[in-house]
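So the sequence shown is numbered by the numbering used here: it starts at 31 and just counts up by one.
Quick caveat, the hints were computed from the structure, so don't treat them as lab data.
We put the CB at the ideal spot given by N, CA and C, even for glycine.
Fair warning: there could be bad hints in the mix.
As the list claims (entries may be wrong) - For each label pair, taking beta carbons as the anchor points, the in silico distance ranges come out as:
id: 1; residue 1: Gln153; residue 2: Glu64; range: 23 to 31 Å
id: 2; residue 1: Thr198; residue 2: Ala110; range: 28 to 36 Å
id: 3; residue 1: His211; residue 2: Ala55; range: 24 to 32 Å
id: 4; residue 1: Gly56; residue 2: Ala222; range: 29 to 37 Å
id: 5; residue 1: Glu142; residue 2: Gly56; range: 34 to 42 Å
id: 6; residue 1: Arg161; residue 2: Gly79; range: 18 to 26 Å
id: 7; residue 1: Ser118; residue 2: Ala55; range: 47 to 55 Å
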Amino acid sequence: MFIETETTPNPASLKFLPGRSVMSAGTREFASPEAAEASPLAQAIFDTGEVVNVFFGSDFVSVTAAPGADWGSLKSQVVAILLDHFVSEAPLFTPGTAGEISVPMDDEMAVEEAAEDSEIIAQINELLETRVRPAVAGDGGDIAYRGFKDGVVYLTLQGACSGCPSSTATLKHGIEGLLKHYVPEVVEVRAA
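Make a model of the complete structure from these sequences and hints.
Structural data, given as structure tokens:
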């Protein structure tokens, strides 16, 4: 087995491609060692002591190094962990946990939406799913819709995209421009 790596726009993150499915449906982000307890793989990556975020996509794992970490040695450690995991065909999540269940982010991050905006919201979600999500996944991350209110779309970037220096440009120039073009009711995109 060979694990490929790709750089991401976030210099602190690398995208690891094991050449097989990682998540059969959805994505999963681990932003702390405590959150990683549901996954032996994520926990092993955090156990290197130099990682601040692990993200599972459909066919990739993005890893964000802690400030000051040296990718020279960390990269080989992560590749070894991934090889061990996939060669042994170990489960991605601890059996008997709800680890495989994709849960929405905290409700406190959601924006209260008006019922009359349901058609606009459907258009926004369709564009996010078909145009934005594939591009963001290509950079080692994902995007979560958080709401629409008074012309403002609220989104959360995940994985390699969450701490990326170009995330503001991605939201403002890329996603905002696309949504404004196709959905005239959109006046702004903000990070939630």
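Contradicted hints - numbers only: 1, 4, 5, 6 and 7
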